[in-house]
Amino acid sequence: MILWRASWRTFRRRPLLLLFSVLGVALGVAVVVAIDLANSSAEQAFRISARALSGRATHQVVGGPGGLDEEVYRRLRLQVGVRASAPVVAGYAAVPARPGYTLQVMGVDPFAETPFRTYVPAVGGRGELSALLTEPGSVLLLSATAEDLGIVPGDELELEIGGGRRTVVLRGYLRPGDEIAARALVNLLLTDIATAQEYFGETGKLTRIDLALPEGPEGQEMLARVRSVLPPSATVIAAGSRGDFLAQMTEAFRLNLTALSLLAMVVGMFLIYNTFSFSVLQRRELLGALRTLGVTRRELFLLVLGEAALVGLAGTALGILIGLALGSGLLHLVTRTINDLYFVVAVRDLAISPLSLGKGIALGLGASLAAALAPAWEAAMAAPRTVLARSTLESGRRRLTPLVAGVGLVLLLAGGAIFLLPGRSIPLAFSALFCLIAGYALIVPWLATALLRLLQFSSGRVFGLLGRMATRNLSASISRTGVATAALVVAVSATIGVGIMIGSFRLTLVHWLEDYLRADIYVTAAVSGSRPPLQPVVVERLSALPEVRLVTRARHLELESPTGPTSLFVVDMPAESFAGYDFANGDPEQIRQALLNAPAVIVSEPYAYRHRLQRGDALRLRTAGGEREFAIAGVFTDYSSDRGRVVMSRKIYEEYWDDRTVDAVGLYLAPQADAEEAVAAVRRAVGGGQQVTVYSNRGLRETSLATFDRTFVITSVLRMLAILIAFVGILNALMAMQIERARELAVLRATGLTPGQLWALVTGETGLIGLLAGVLAIPLGILQALVLILVINRRSFGWSLQIDLAPAVLGQAFLLALAAALLAGLYPAWRMARTSPALALREE
Amino acid sequence: MPQRNAIRQPATPLIRLRGLSKIYPEGERQRIVFQNLDADFGRGEMVALIGRSGSGKSTLLNLISGIDLPTGGKVEIGGAVLTGLSERERTLFRRRHIGFIFQFFNLIPTLTVLENLLLPLELNGKIGAEERRRAADLLARVGLADRPDSYPDRLSGGEQQRLACARALVHRPQLILADEPTGNLDAETGALVMALLDDLVRQAGVTLLLVTHSRELAGRADRVLTVGDGRLSAAEAW
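Quick note, the sequences are listed as chains A and B, same order. With the working numbering, the residue at position 148 of the first sequence is 148, and numbering never jumps. With the working numbering, the residue at position 16 of the second sequence is 16, and numbering never jumps.
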């Protein structure tokens with residue numbers, strides 16, 4: 001206990017150092033916990049939403065692009081005798097008064113709902129049911145959703161649905177059985193099935209039929225009978241598969257975020273290491289005396305680890321609190337990205353999962369202990385002598401520096417070797433990346449020492465004696481400066497790596513959009529999450545415009561397959577528009593001819609990667625006449641979706657599916673036509689009949705890039721947090737140096753250095769740290785960028801990207817390193833400059 | 001065969017050094033600190049070790065205490081062969097049987113006076129009423145009974161060294177090793193501290209090996225030995 005008391009009071013006497021150490025752990029844990037909570041909240045939201053929407057359904061019958069005919073439902077109930085079956089029409093609606101607000105619309109038959117969903121009003125229940133059935137445009141919402149929209153039962157609500165505007169009336173509230181179901185239904189708008197069919201323009205059609213089949217042989221037998229009456233275009237899927245599929249879609253995105261958050265934790269670990277390393281160094285004589293008095297190595301080792309555990313515990317507790325607050329903000333960004341890129345999900349609140357908190361605790365404590373292992377070992381190895389000169393220690397550490405660099409080199413090579421192994425594992429790729437980062441960080445002190453040696457000559461010439469002193473001081477205190485520099489290198493290199501990756505991605509996207517978007521104007525009735533068809537009359541009017549010389553008609557749909565929904569893009573393929581497709585191999589014109597004249601498709605790179613397909617393979621798709629094989633004529637570059645998609649010519653599509661729907665058109669203008677006037681003409685041609693969005697070519701490119709930029713906001717936030725932690729680390733190291741050098745600085749003051757000169761000396765040292773970190777971060781940053789682009793992005797999303805080593809990114813990062821170090825040095829420099837020679841020279 | 005260094009042997013030795021050698025490699029050469037040293041130190045004996053700087057006085061203390069291992073030979077204290085023990089065993093032995101007094105005091109700055117005194121007792125097991133009483137007595141003996149809650153940086157040099165002396169004795173060791181105990185004190189304070197130490201050690205019947213440059217201190221010892229040229233020899237004119 002006495003030993004522990006001595007240890008605790010050592011930290012208490014240096015409250016700022018203790019605070020920074022705790023803060024370092026706290027920030028690292030906060031970032032990890034925040035990302036984990038945001039990710040798990042989003043995942044939980046779409047899982048429970050999928051589950052709540054499917055209710056107690058065990059299976060779902062889904063159709064092809066044209067949906068399911070109502071006749072199928074009649075057959076199931078009457079012919080097969082499946083009493084527990086419920087028809088559903090589902091889609092999305094936007095709320096024009098609240099831009100960005102999307103409701104999930106579900107049209108149901110209340111009489112069939114009882115076996116499935118308890119939140120739907122039952123027959124004989126409250127009055128909402130009769131209103132739902134008899135009053136047109138009647139809808140139900142959760143009371144929380146209604147409150148959010150500012151409406152009460154009896155109020156009207158305007159919606160953009162099925163390509164048009166509709167006014168609905170709130171008749172009552174959904175009544176979920178528990179809090180979890182309530183969270184899942186937060187953006188659900190329930191209506192009668194006939195109303196939904198009318199609004200979506202799907203009269204006589206269903207989106208799906210929910211089934212509740214018994215378990216065991218009886219259920220299997222019934223399933224077989226169900227399958228026997230289905231048309232060829234329909235299939236039965238497990239009701240729970242939707243949630244899994246949604247999770248799988250966003251897995252790579254969430255994993256990348258997690259990796260970035262772990263990087264912040266790694267930087268925090270440097271801070272811990274630095275703190276405890278300094279603490280052991282400062283107590284070296286004391287530790288030697290304790291060893292002489294009979295304290296064993298094990299006891300000293302456990303003492304230092306115990307200190308780290310306490311710091312870790314305090315930092316973790318604080319980190320979790322910060323993480324909860326940060327998580328709410330990040331949740332908004334994560335949800336927005338999922339909505340932009342993948343599917344509609346509404347997540348209002350952060351779901352505080354014990355698992356996420358547990359991970360944060362384990363990581364915070366684990367990282368603190370891991371970071372303190374080496375200093376604890378060093379403390380344990382303290383020789384039981386009466387005095388151990390600091391110069392001996394420093395020179396001892398300097399001797400260790402090449403050895404540590406050697407270990408770093410081995411780690412670098414190991415990381416590189418892992419990348420050379422064939423495979424697709426993303427976690428393994430990230431592990432190898434961390435090996436690279438850790439290995440390089442271990443080499444930084446050696447590189448810093450070498451660079452300082454080079455700088456000594458020039459700094460002396462330019463800045464005189466003070467300049468030479470600054471470089472020598474840093475070199476002489478490599479035990480502290482080396483670690484702080486390494487932390488800043490790691491943080492800044494992450495900025496470079498991610499910055500280059502994002503820049504390369506953006507450049508790739510810009511070039512791709514320029515090539516791919518060939519039409520001058522695009523028209524769609526799409527509203528968040530759904531693509532209602534363009535009315536045929538609208539398509540005719542647009543095609544007849546004098547400004548328009550060529551029209552390509554497109555259809556976006558999802559086909560169910562054993563691996564989940566496949567995104568199919570159907571489009572006319574005149575040579576001019578087809579020129580926008582870039583193929584890895586094969587002659588584009590031959591590919592186009594194959595698409596027009598044979599059952600063939602082309603697949604995007606991500607699709608080919610995920611499904612391990614290549615040109616020449618066959619793809620089975622469920623058509624109106626059952627499953628058919630389509631030859632893969634080519635693999636094309638595509639950045640519209642990381643899930644990947646299949647593209648088919650309209651000509652072939654209409655041969656195999658009874659569907660003539662058009663949900664988007666591309667208009668090619670005559671050579672003399674003015675683009676702006678043409679857009680105006682398009683709007684006039686559409687008139688007020690249907691809500692459409694008209695994009696000019698440039699407008700669509702800008703919208704796409706804006707979505708891209710939004711996606712990486714969260715990445716930028718995480719990068720800045722990593723820099724903040726490194727900044728705290730530098731501040732920590734400089735404060736420690738101030739304590740260590742009090743006597744030395746007092747001697748300088750006594751000798752005649754003015755406070756201003758002393759300030760300049762210390763600032764010069766911190767500037768040198770920033771300079772070194774900035775320079776050393778560049779190679780590591782470029783290496784990280786290459787790994788992210790060539791390996792991780794490829795394995796996560798299947799994309800191949802151009803590499804753009806933008807000098808601006810490197811320059812900015814260098815300046816960031818310099819600025820962070822100089823800023824961190826301001827306060828310590830000010831304090832050191834105020835050192836009183838008399839006070840510091842007094843004998844203790 | 002090199003002649004062994006033999007010096008006057010006490011009747012009941014606590015410490016036996018047999019064939020003790022310590023050789024350090026220095027580049028291509030070897031620096032011989034001791035070679036085939038034999039020596040005995042008696043129970044309750046006070047021995048002063050004098051010699052030039054770098055002669056090996058502190059090295060000898062390190063070898064005797066088990067902090068360092070000799071290149072050859074044997075160190076035996078109270079029947080225990082230190083040179084045959086592991087590092088951990090030597091540490092535990094040191095904690096139980098040896099007390100240290102350093103030139104620069106080496107008190108724990110973040111422990112109070114009383115806590116510094118109790119530290120060796122805690123290292124050796126739980127602190128009971130008996131141990132606390134003993135600590136209080138010692139504190140009174142060294143004149144710090146009124147300062148139990150003060151921190152070392154509030155004490156004068158003399159007070160710190162008196163506390164260090166008490167710390168070295170509190171756990172009733174068999175042996176005390178003092179390396180220049182008055183080296184950091186003025187003459188008057190040093191004399192006072194040495195007188196106190198002498199008194200405490202004699203009363204406790206503890207063996208004291210004392211490294212010093214001070215003739216006055218050496219004069220208090222039962223024996224004065226000179227360390228030098230790899231040997232231990234009786235000092236002239238003592």
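Since the hints were derived computationally from the structure, they do not count as laboratory data. You may find that some hints are simply not true.
As the list claims (entries may be wrong) - Derived, one-sided and incomplete: chain A residues facing chain B with beta-carbon distance under 10 Å:
hint	residue
1	Leu149
2	Arg254
3	Leu255
4	Arg683
As the list claims (entries may be wrong) - Per the computed footprint, the stretches of chain B lying under chain A, defined by three or more beta-carbons under 8 Å from a beta-carbon of chain A, are:
hint	segment
5	182-188
6	215-229
Stated by the list, open to error - Far from chain A by the CB rule (all over 12 Å, computed), these chain B residues:
hint	residue
7	Glu28
8	Gly42
9	Lys126
10	His171
11	Ala191
Glycine is no exception: its CB is placed at the ideal position from the N, C-alpha and C atoms.
Each hint, compared with the structure:
no., hint, in the structure
1, Leu149, "62 Å, violated"
2, Arg254, "46 Å, violated"
3, Leu255, "46 Å, violated"
4, Arg683, "78 Å, violated"
5, 182-188, "violated (count 0)"
6, 215-229, "violated (count 0)"
7, Glu28, "19 Å, holds"
8, Gly42, "24 Å, holds"
9, Lys126, "10 Å, violated"
10, His171, "9 Å, violated"
11, Ala191, "20 Å, holds"
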